[in-house]
Structure formats: C-alpha cells, structure tokens
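Colleague: The lines below spell out each chain.
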Amino acid sequence: MIVRAADRVLVMGITGKQGTFWTERMQAYGTRVVGGTNPQKAGATHCNVPVFATARDAMGGTAFDVAVLFIPPLMVKEAALDAIEAGAKGLVVLTEHIPVQDVMCFVAAARERSIWILGPNTAGAVTPGECFAGFMPAFNERIFRKGSIGVISRSGSLGVLFCLNVVQAGYGESAFLGIGGDPIIGTTTREALTALDRFPGTEAIVMVGEIGGSMEEEAADYARTMSKPVIAFIAGGAAPEGKKMGHAGAIVMGNKGSYASKRSALEAAGVTVLDTPSAVGAALKVRLGH
Amino acid sequence: MNFEEHAAKPLLAAQGIAVPRGELAQTPDEAATIAARIGPVVIKAQVPAGKRGKAGGIRLAASPEEARSHARAIIGMAIAGHRVDTVLVEETVPIERELYAAVLNEPSSKGPLVMFSTAGGMDVEEVAASAPERLKRRPIDIRRGFSRADAGVLVQDAGIGAAEGAVADVVARLYQAYRAYDAELLEINPLALTRDGRVLALDCKFVMDDCGIVRHPDIARTGTPEKLTGLEARAKAAGLKYIDLDGNVGVLANGAGLTMTTMDMVRHHGGRPANFLEIGGEAYTQARPALEMLLSKPGIRSLVVNFCGAFARTDVMSQGVIEAIEALKPRLPIFFSVHGTGDEEAIRLLKDRLGVTPLPTMDEACKAAVGAAR
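Sequence lines, in order, name chains S and D. Going left to right, the first sequence walks through residues 1 to 290 as this note's numbering numbers them. Going left to right, the second sequence walks through residues 1 to 374 as this note's numbering numbers them.
Each hint can be trusted.
FRET-style restraints, in silico, Cβ to Cβ:
| # | chain 1 | residue 1 | chain 2 | residue 2 | range |
| --- | --- | --- | --- | --- | --- |
| 1 | S | G129 | D | R148 | 52 to 62 Å |
| 2 | D | A180 | S | H290 | 50 to 60 Å |
| 3 | S | D275 | D | A18 | 47 to 57 Å |
| 4 | D | A166 | S | P200 | 53 to 63 Å |
| 5 | S | A63 | D | V214 | 29 to 39 Å |
| 6 | D | I213 | S | K17 | 23 to 33 Å |
| 7 | S | R113 | D | I213 | 30 to 40 Å |
| 8 | D | P40 | S | E267 | 52 to 62 Å |
Hints in this document: simulated from the structure, not taken from any laboratory. All C-beta atoms, glycine included, are put in the ideal place defined by N, C-alpha and C.
Only chain S is shown next, with the shape it has when bound in the complex (with noise of 0.2 Å):
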C-alpha cells in the first residue's frame, strides 16, 4: 500500500470540486494520474487527462494500477468493486460515512484478489520526493521531506501533526500511511506497520493511534518481533467513555479500546509510547542513536 513514483493513478470522481482541487496537486507533486472517472462525463478531457464512465472502461483505456476515490459515501461500494474488478492494485478510500455493510463487500472483494486498500475514511498516502495520493499537503516541506521514518496514522490531521514534528527534529519520512478513521478498515494499523517494516529505506516507524476498537494491541503483536524501532502515540486519553469521538472508530466500552490497555500493551512490545505530539523527534533520536 505505499504508492511509488511509478503507480498510474485513477481519480474515480475527478470533476468534482475536491477531485480537481486535489487531483491538480497530485499532478503538481509528480503522482502519475492518468485518467479520472464520471459516468456522466466519459470521453471529455479534465485536469488534462480523459475521463471514462467506469473504472473497467479506463483500464481498457489507458491502465492503472491506483484508483482514489473522490466518491459520496452511498455510492462508494458500486465505485469500488468497480475499481476491483477492474484490476486496480490498491484503493484509497477517502470518504467518510460508508455505511459499514458496504465497507465490509469491497474490503471482501479486494481481499480475494490481494488488493490493498487504504480507508475508508482517509487522508491519503504519501511517499515524499515520489508522488501522493488523497488529500495530504505532500507539497509543504515543512511536513514531508524524503527520509528514513515510516508514519500510519488513523487521522489526517494528526499525521500532519506528527509529519511536521518529524521533520522539525531534522528528520524525514520514508512514506506516510493514512489508514482511515473508520471502525472496519482495508488495512489495519497491524498491516501497515508489516508494510512499512519491509519498505527498503525505513529505519524507524512512528505509529499514531487512538482509542477505540483493538488495532494498536494487535500491531503491538507485530512489533514485538520487529527489529526497527517504533514509537507510538494514542490519541484520545482525556476522552469520556462511551462517546463517540468525531470518528465512529473511536469509542471507549468498558476497558475495551481504552487507552490504558493500548498503552500497556504496546509497551509491553518493547514501543516507546509519546505523551505529548512534540516528544517525537527526542525519541527518535534515543531509540536510533542519531
């Protein structure tokens, strides 16, 4: 699930106002779109690539091997089995609000034929110096420089918090992973760090949770196997039980998904686990030595 310089890119949804907005700085960054979809729109040209109907017909036209999705919530699930048996190599699924059945077929259907998918409920992807997919500031320096840190983040904004603070401490990232908010996902926090761990380039990863569900237990099984470094932080700690956090995935029942238990057990797994966003460049510097 990290896109390469490489990776041909199908906005599903391009002539929309974020698709566009979104998809002219992709270009700008170097992502290689090389088509769009709208089923109202197949044949015109937009942000100078052709639009097609469906994803199947684009393959057809001109293959890809990334389609980002720029869909509402209702009509996600046809656009992303569309997408999947298309061919596509991976998904990012950006929109918020996908009822949780329709999220549970196309992460079926994708897993079946080993595809990736990134979200529901994502900001994106990031591999700095390369390319971007989603609706990331790649292009902001002062957030994404080419280096040697992993970064998963279930929040947009949290990412960016954390990109900024890693490049602040003279470091640079390797490729930002945004999972997604929801609580039932393409790839799990767990799936993201195995991806990260064998990504060439990648000498420590830094992992931003949050309260909800059992994702950072489950990721703290992996790590305790891993030989690079992972640092973590997890959102939510002053939340009240029982409230949704602004995202669905993040609700505290009991002691299920509550911070102490994730605390615990990532540190249990040998993680250094943050207290404040800003301790992130002084961790990284005493688990690498540099």
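Please arrange chain D on chain S, whose structure you already have, making use of the hints.
Modeller: Positioned in the frame of chain S, the structure of chain D alone reads:
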C-alpha cells in the same frame, strides 16, 4: 443509533422471528388495561441500557392490579442515567431453556460475526470469559452471506434436541435482519425455548449503523435519539461534532484525531478541556458558526484553536475564526497553533486582522491556554 426493546422486537417479527405478545404503556392504568387483555405479564422498563432487571426495572405481574402497581414503581425510575417513561407489558412465557444469538460488525475479521451460545440470559462477555466453549463464533464473508444451512451447522451439537431446526431458523433470520436494517449489533438474549415448544426472542438489542440511517428513515424514527445537551443538539443541527465536557479550556480543532489530542494536551499540562469540537472533513468551512457556538458556553476561561490542514484548509478555517471573533469580540484569551495546507495564508490573515501570531507548537498553545484559565 440505539433502539429500545419495544422498537427492536417488531423489526425481528417482520423478519419472521417470533416475539411475545405485548404492548407499550405510559401510565399504570394503561399497564393494567393491557394486562387485563393478555393475562399474566412481565412489566419491562424501556431505556436504552442493559442490566434493567438488576435495577428493578423488570417485574412479573399475575393480575392487572399487580401490573398497575409495578408500572407505578417502574415509571419514573432512573436506570443507568435514563428516566423510564414507558414500560413494555408482555405475556409471560413458560421458559424451558435460555439461549443466546447475535450478529455484529467485527473489526478484526473486517466482516459480520455470528455468535451463538447455550448460556442465554447471561452477559455474553461473562460467557466468553468463563465458558468460552459454550460460545460459538462464526466470521462471515458478507458477499456469501449466512444461509439456513450455515445456521444449522452452527447450532448442531449444542444439545438443544428437537428445537434445533427452529433455532437454526431464528439465527438465519437474525442474520437477514442484520443485513436488512444496516445493523452494527443485533442481539437476542435470551432466546427462549418454551415448555409449549415455541422459540421466542424475549429481549432484543439493536444498534443501527449511524451511516446507514439515511437508507432507513422510517425505521430510524422509532430509534432512541441520542441524549444531547443544548449545545450538542445545536451543533448536531449545524452538522458539527461537539461534545460538552466539564472543564474551562475551550478546544477548537480540525479532525477527530487532532481534536482528541488537543484535549489530551490540555489535560497533560494540568488543565481541563471544556469540550470536544472538530470542524474536520467537509465541515472545515464551518469555523465561524462553530466558534460562535463554543463562545456561548458558560464557564470557558480560555481557548485553544489548533489547526493542522490536510483536506481542511487552514486559511479557510482561520478566516471563519477571524469573522467570529470580529463579530463577537470575546474577552477571553485565545491561543493558536496553525500548520499544514494553507498555513502561510492563515498566519498572515491572523496577524493582519487580529494582530496575533500563532504559537510555534500545539504544546505551547495548550500550555498557554491552561495557564490563562487558572
């Protein structure tokens, strides 16, 4: 969205799952009238919370007089912070055995999970901990579904004898109901085998996926509206995510993760956050109404405005904040931290229009706001 028992049971019935005869009562007299029609009844408090029996909210009544007096005792009770306004008056059934069945969303398998247990009537987490061998868990590929034959396999060897076929039928229909209503949880506990050979759902817990509500507007009208404070209701109507907390440091940020972290940092520096308020996603253009609403909350002594733009543009959000401040001229001290998409323009706007410079880090902004609130 949660559904109380009386709203959930008709949904099961519509999928062909038998439930006891019963009616809703709002007064002791209504309860007595219903009992006179049905016979011996159970009076059940209707609140969106578990453990009603332990709280005294479920009582048996052999006669209409008893139904009236139990209803009088239960209506007006508080159970887990919810006031009881209505009771369900239901026929009593001769229970032989209590089972458990549920379908829910399971993040780790990324699909639905069907659960079945012969230890009905108990809390399922207790069963999972004390007698895991009695709890069957079957992850489902949602595209394939869960058939009557699959249900038959799940309940065989459970030792329920002649009722096996009827129970498998209920479990298969429960899965159909889960799919039909965009459930995130649909649970029958207990599922009763009666001495007269019936299989009945004696209680039902139903939570609808909030993102699925748009597909079921009629059913959603029978759900329990979330209990909101005045400001929370106002925010919801405006499309904002807001939660009232009891502190005195106001928080405005974009994105759920960043907003939670801002609250965490206020706490970390010894302060108490007054709220959760995020204007991320499509709501990033709503900074002005969001801040105007927050400034109307009594007891706020200082404010942190923390923006990290990805999708949300910090210049657009700052513009909204500036408009709110110029309109309301609040006296309380406000501390900014602004980074990410649009930050150069945002910082220039804040300087030109308000004469303020954001602090270099959110840590410093939170620390300053905590200090100012003391």
